[in-house]
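The lines below spell out each chain.
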Amino acid sequence: MTKSSGIMNSIKPRITEIKLSLYLLCRNRLTRLSLGVVILLGLTALAAPFIVPHPEHIETEANPVDKLLPPSGKYYFGTDELGRDIFSRVIYGTRISLQTALIAVGLALLIGIPLGAIAGATGGMVDEVIMRITDIFLSFPPLLLAIAIAAFLGPSLENAMLAIGVSWWPWYTRLIRGQAVSIRERQFVKAARAIGTPPVRIIFGHIVPNCIAPVIVQASMDIGGVILTIASLSFLGLGAQPPTPEWGLMVSTSRNYFLNAWWYSIFPGLAIFVTVLVFNLLGDGLREILDPKTRKI
Amino acid sequence: MRSFIVKRVLLGILVLFGVILITFVLTRVIPSNPAAQWVGQRATAEQIEAAKIELGLDKPLYVQLERYLADLAKGDLGRSLRSHQPVSAELKAYLPATIELVLVSTIVAVIIGIPLGVASAKRKDHMVDHVSRFFSVGAVSLPTFWVGMFLQLIFYRWLGLLPLGGQLSMGIKLTREIPHITGFLMFDSLITGDFVVFRDALAHIILPGITVALYPIGLVARMTRSALLEILDEDYIRAARSYGLPERMVLWSYALKNSLGPTATVVALSIGYTLVNTFLVEAIFSWPGIGSYISSAVISLDYPAIMGVTIFSACAYVVLNLVADVIIALDPRVRV
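Line by line, the protein sequences are chains E and C. The numbering of the first sequence is our numbering, which starts it at 2 and goes up by one. The numbering of the second sequence is our numbering, which starts it at 32 and goes up by one.
Only chain E is shown next, with the shape it has when bound in the complex (with noise of 0.2 Å):
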């Protein structure tokens, strides 16, 4: 057998896995509805600079002429206090709560996995320590923690991510912590140590690779969740700072106008609830197909 007939073998099997969780993902219609929002609303994030029919209004530029007009067929939203263009706005908030999301959930991982990994595969005291610390992270609502960080980092968007980042990560150490667990006593774990592998390359080179799936699974569900912090951190005012064009500011700053401008605090709130919504549907989906218990093939 050639080198590349082997690897397509060893592939094979997780090709058609793949498949199957897709064919079953999209077996339910709301699922396959909200996968395919998903894909649209990421594919508005990366054009948001080039379809948005009025970029100069996504940072300062006022207009002071069209101020709080309600939607029309120039204006689709409706135009905002300072006579920018909401759609537009909007639009290009998708890009910026997509990213922020990302780059937050990437942190939270960049933490979670490497500790969990760590407690999982040395147990003893380390794991024990690096539990109890987890315990403690956990044992705040998640939120709460965001904003006394962000509050004591200073008000900025990239702060809030790393609020989110650092408040987020004990889910993940604790979900690999049992993944490692079970693995070190695997076959291919005690060969490793056998013949002398250092235990950093153990613990990277074999442990996590073998148990970040539903690591992975479980922070992309998490995405939904993850954006609504951060629409709730910039509306508090410890997020996004003016001119951006991010979702939980806009709705904080509607709050002087939206009684007599309705379209100024609907439609960045609809953003994100439906933004959050499909993001949680796929999630829902994800987890029931994911889950033998609920898998019906």
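Since the hints were derived computationally from the structure, they do not count as laboratory data. Honestly, I wouldn't trust all of these hints.
These stretches of chain E come out as covered by chain C in the derived footprint (C-beta under 8 Å, 3 or more residues) [claimed, not checked]:
#, segment
1, 126-140
2, 143-149
3, 234-244
4, 252-259
Here a beta-carbon is modelled for each residue, glycine too, at the ideal position from N, C-alpha and C.
Using the hints provided, position chain C relative to the given structure of chain E.
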């Protein structure tokens, strides 16, 4: 079981200590100049120096921690930068309104969430189930602050049915004696028989109450559904059905009773979430609680106030977690 509870309480104390340690690190270790942060941006150099001594920042870290713990034990959370009043006194003043809001929304969540969960378990994979599942996923996806504004728009601006915000109407506040016994407005007005004030307070709590309740409703409905579905498969349910007992009785009395354990846990946990959710909602409704307090503290970066609310809410959350775990332990089936 007693040993479990003792162990759990000890762990709770450890966690509480950890929570305090985290807040200590946040306020005293991470900032480059904690004294300057602690007294605010407009402080003079002398004030910063004074704060340095007051906080013990010239001493080694373990002495600082000792002092921090001693202050906390005395209930001293520092002074607010805006009002120069002790944070603990301000918290005490703002707390009743928040507790009232949290309690009302939790009750609403139980009253709506449990029947919703039962209905969707009863008709699994039917229309009711889909709608209720969509609703519970939707409820946890909604930005609460936006829901509040949306409700204000509909019920205040467009329909004119409910007040915009606050705890009482201005007219009633000015013309009537407001009963003040426990600090809980609705409770006080009810026991003194002041129904005018009670009705006004009730009208004011509807919108914020619904806004805050949405999240726990979804949570409770989901939990009830999955717990019920598991139990409906059990033999004793089949036995009850084969006796010919009415389905209503099987569902509401036989099955629901056994699924209440997980639901009670979720309710206890969701109170903690609800508390933090009020931070996003209260300011919109000008509700005079700690949520409004922290949102204005955040805007002016009033660090002692932010930290005070954080410590208080984290402690409340830890205690609620503890209660939830003890509730589970009371269930004879999980006794160890």
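Quick rundown of the hints versus the structure:
1. 126-140: Holds: 6 residues of the segment 126-140 of chain E have a Cβ under 8 Å from chain C.
2. 143-149: With 5 residues close enough to chain C, the hint holds.
3. 234-244: holds (count 4)
4. 252-259: The restraint on the segment 252-259 of chain E holds, since 5 of its residues have a Cβ under 8 Å from chain C and three suffice.
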